[in-house]
Amino acid sequence: MLNLTPKRVTLFSGHYGSGKTNIAVNYALGLKKQFDNVCIADLDIVNPYFRTKDSEKVLNRAGIKLISSEYASSNVDLPALPAETYAILDNPALHAVIDVGGDDRGALALGRYVPSLLKENDYDMLFVVNRFRPLTRDVKSTLEVMNEIESACGMKFNAIVNNSNLGEETTVENIVSSFKYADEISGATGLPIKMTAVNEPLAAEIAQITENVFPIKLYVMQSWKLQEDR
Amino acid sequence: MAEKVLMKGNEALAEAAIMAGCRHYFGYPITPQTEVAAYMSKKMPKIGGTFLQAESEIAAINMVLGVASTGKRVMTSSSSPGISLKSEGLSYLAGCDLPALVVNVQRGGPGLGGIQPSQSDYFHATRGAGHGDFHMIVLAPSNVQEMVDLTFKGFDLADKYRMTSMILADGTMGQTMEPVSLEMGEVKTYDKPWATTGTKMERPHNIVNSLFLKPEILEEENFKRYERYKKIEETEALYDEYMMDDAEICVVAFGIAARVSHNAIDEARKAGIKVGMIRPITLWPFPKAALKAASEKVKAFISVELSMGQMVEDIDLAIRCAKPVLLCNRVGGMIPTVKNVYDSIMQANEIGGDR
Numbered sequence: 001m002l003n004l005t006p007k008r009v010t011l012f013s014g015h016y017g018s019g020k021t022n023i024a025v026n027y028a029l030g031l032k033k034q035f036d037n038v039c040i041a042d043l044d045i046v047n048p049y050f051r052t053k054d055s056e057k058v059l060n061r062a063g064i065k066l067i068s069s070e071y072a073s074s075n076v077d078l079p080a081l082p083a084e085t086y087a088i089l090d091n092p093a094l095h096a097v098i099d100v101g102g103d104d105r106g107a108l109a110l111g112r113y114v115p116s117l118l119k120e121n122d123y124d125m126l127f128v129v130n131r132f133r134p135l136t137r138d139v140k141s142t143l144e145v146m147n148e149i150e151s152a153c154g155m156k157f158n159a160i161v162n163n164s165n166l167g168e169e170t171t172v173e174n175i176v177s178s179f180k181y182a183d184e185i186s187g188a189t190g191l192p193i194k195m196t197a198v199n200e201p202l203a204a205e206i207a208q209i210t211e212n213v214f215p216i217k218l219y220v221m222q223s224w225k226l227q228e229d230r
Numbered sequence: 231m232a233e234k235v236l237m238k239g240n241e242a243l244a245e246a247a248i249m250a251g252c253r254h255y256f257g258y259p260i261t262p263q264t265e266v267a268a269y270m271s272k273k274m275p276k277i278g279g280t281f282l283q284a285e286s287e288i289a290a291i292n293m294v295l296g297v298a299s300t301g302k303r304v305m306t307s308s309s310s311p312g313i314s315l316k317s318e319g320l321s322y323l324a325g326c327d328l329p330a331l332v333v334n335v336q337r338g339g340p341g342l343g344g345i346q347p348s349q350s351d352y353f354h355a356t357r358g359a360g361h362g363d364f365h366m367i368v369l370a371p372s373n374v375q376e377m378v379d380l381t382f383k384g385f386d387l388a389d390k391y392r393m394t395s396m397i398l399a400d401g402t403m404g405q406t407m408e409p410v411s412l413e414m415g416e417v418k419t420y421d422k423p424w425a426t427t428g429t430k431m432e433r434p435h436n437i438v439n440s441l442f443l444k445p446e447i448l449e450e451e452n453f454k455r456y457e458r459y460k461k462i463e464e465t466e467a468l469y470d471e472y473m474m475d476d477a478e479i480c481v482v483a484f485g486i487a488a489r490v491s492h493n494a495i496d497e498a499r500k501a502g503i504k505v506g507m508i509r510p511i512t513l514w515p516f517p518k519a520a521l522k523a524a525s526e527k528v529k530a531f532i533s534v535e536l537s538m539g540q541m542v543e544d545i546d547l548a549i550r551c552a553k554p555v556l557l558c559n560r561v562g563g564m565i566p567t568v569k570n571v572y573d574s575i576m577q578a579n580e581i582g583g584d585r
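First to last, the protein sequences are chains A and B.
In terms of our numbering, the first sequence opens at residue 1 and continues consecutively.
In terms of our numbering, the second sequence opens at residue 231 and continues consecutively.
It should be emphasised that the hints constitute simulated quantities derived from the structure, not laboratory data.
Predicted model, so just to flag it, every value in this text is computed and none were measured.
Do not take every clue at face value.
[Said to hold, decoys possible] Result set (DSS-like, lysine-lysine): computed pairs, CA atoms no more than 30 Å apart in a straight line: (1) B:Lys273 - A:Lys156; (2) B:Lys529 - B:Lys390; (3) B:Lys461 - B:Lys302; (4) A:Lys180 - B:Lys504; (5) A:Lys53 - B:Lys272; (6) B:Lys461 - B:Lys500; (7) A:Lys57 - B:Lys302; (8) B:Lys500 - A:Lys156; (9) B:Lys422 - B:Lys302; (10) B:Lys460 - B:Lys390; (11) A:Lys225 - B:Lys569; (12) B:Lys272 - B:Lys234; (13) A:Lys217 - B:Lys234; (14) B:Lys518 - A:Lys225; (15) A:Lys140 - B:Lys504; (16) B:Lys569 - B:Lys522; (17) A:Lys225 - B:Lys234; (18) A:Lys225 - B:Lys504; (19) A:Lys217 - A:Lys180; (20) B:Lys569 - A:Lys217; (21) B:Lys273 - A:Lys225; (22) A:Lys140 - B:Lys276; (23) A:Lys33 - A:Lys217; (24) B:Lys529 - B:Lys569; (25) B:Lys522 - A:Lys180; (26) B:Lys444 - B:Lys529; (27) B:Lys276 - B:Lys302; (28) B:Lys430 - B:Lys461; (29) B:Lys418 - B:Lys272; (30) B:Lys461 - A:Lys217; (31) B:Lys272 - A:Lys180; (32) A:Lys156 - B:Lys272; (33) A:Lys225 - B:Lys529; (34) B:Lys422 - B:Lys276; (35) B:Lys272 - A:Lys140; (36) B:Lys569 - A:Lys53; (37) B:Lys273 - A:Lys140; (38) A:Lys180 - B:Lys234.
All chains should be modelled from the sequences, with the hints used to inform the complete structure.
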């Protein structure tokens, strides 16, 4: 299983719907086991539903600070980021996870923080990929998305996260079938595969087949399964 | 079978439209349906289609009318406030007997409302989409696979009956991600001798028009249209049944509300309550016959909806007010919880009986 050797700031970006938000939440929870001072910032100014903010209770319980637009998951569709996002840059004692919005449009919002991140140079910028998403089915189109994001935010990725999955229907075979795809992206970009994210029930089996498996729980709950109001 | 892909409802709908042969999309961004436009903007240029972000919803629906006049498959999509703006165009499409697909990924209202899911455009879709006597075929998907399947079906029915099909989804259906199969089979094509495709000097001009100044002729147009509607009501109503065989209580719900109800029914069955569900898939035509038949077996109905009881009227009409119809609803962007529906089932079980 994956041994976290984190930089001070870890950024997750990728095609929207690649699973960034859920991985970011799981990663922050993993970090909290090693460090006292952990925060997660939701920079998504595009997606109105299924946000980091939906995991607020889990994060609060773990003692992880959530930096998120106060309008997220509300009825206000306002692409505003809170001023406290700058705390990530100003507080060197903090370990931070940044959930960047999907695609180039989402990544645009990261731009204003990039000069400081580059200057400090203690970050991992991770490209989350899912082979089962229709616009990133093949290596060529995945690399297109990657280039668009890099151009939009002015920051280069330095590793890949393979999060290939079919939601609740994901099988071991589905994940195994994504290894070649992930390897080809790695080969074409020269970037290492930092981890393969796998839903917990399947993680042990996948860990026997490949290295650096990151077991994740699904924290983004489907609304028709909610017993009570959030 | 081809491998499934993981898609957001809005994207799945857009891809299905392309697979159904739609090469013309006109729209204007609005949450929570923007991904339909975003997907079209990425995909259409690559396949020689047209994506055009119009200057307004009103412009978009009139561009739809233009393309529909030529017999090409065409669509637009929006969310509640944007659909209101399209109302005039919907009436003109009906008056011209043109096939088109219009998508409403509903959000809370009235007015600017909010951006969270809703079903409160039920009346608009099934009764009052615009001025004049007309209907649209209204399809209500309840999972991402149905966003695909019903889009495909919507185009087919539109061509078959020369009228507008509306996909009446809600914000959750648009935003939810689920695995889908995109194997759609053959696209059926229909002769469109009325299309304005150029006479080539071989036939008289085709005229697409909704203006009839002679009342006798306008009346005749309306009568002919309602002949077709009658046939649609008799043959095209779609619904799904869940645990209705021995049911004493019948939940009626569509879209996201049906997903919640399904889970609540499972819970209630564990408690020994005989409850089932009729899930309308077409809201117009409403599956009246199925509900009428159920009314002879069950003691009460529950309408579960994200609106203020709009569907209760259709249930009451379908069952001729033969049994009580309870309402279990949340509005303003809220979704009924499993417990909300479960509690209503328990309430129906208490008070149910002949009225």
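Proposed proximity, Lys140 (chain A) with Lys272 (chain B) (alpha carbon, max 30 Å): 15 Å, holds
Hint consistency between Lys422 (chain B) and Lys302 (chain B) [alpha-carbon to alpha-carbon, up to 30 Å]: 9 Å, holds
30 Å limit on alpha-carbon distance, applied to hinted pair Lys529 (chain B) and Lys390 (chain B): Violated, at about 39 Å.
30 Å Cα cutoff - pair Lys273 (chain B), Lys225 (chain A): 33 Å, violated
Holds or violated: Lys33 (chain A) to Lys217 (chain A), with C-alpha atoms at most 30 Å apart: Cα-Cα ~16 Å, so holds.
Restraint check for Lys569 (chain B) with Lys53 (chain A), where alpha carbons must lie at most 30 Å apart: Holds, at roughly 23 Å.
30 Å limit on alpha-carbon distance, applied to hinted pair Lys444 (chain B) and Lys529 (chain B): This hinted pair is violated, its Cα atoms lying about 51 Å apart.
Satisfaction of hint between Lys504 (chain B) and Lys140 (chain A), Cα-Cα up to 30 Å: The given pair, whose Cα atoms are some 54 Å apart, is violated under the 30 Å limit.
30 Å limit on alpha-carbon distance, applied to hinted pair Lys461 (chain B) and Lys217 (chain A): Violated, because 51 Å separates the two Cα atoms, which is more than 30 Å.
30 Å limit on alpha-carbon distance, applied to hinted pair Lys217 (chain A) and Lys234 (chain B): 22 Å, holds
Lys180 (chain A) paired with Lys234 (chain B) [C-alpha distance capped at 30 Å]: 18 Å, holds
Pair hint outcome, Lys569 (chain B) versus Lys217 (chain A) [Cα-Cα no greater than 30 Å]: 24 Å, holds
Going down the numbered hints, you'll see the structure goes against 2, 4, 6, 7, 8, 15, 21, 25, 26, 28, 30, while the others check out.
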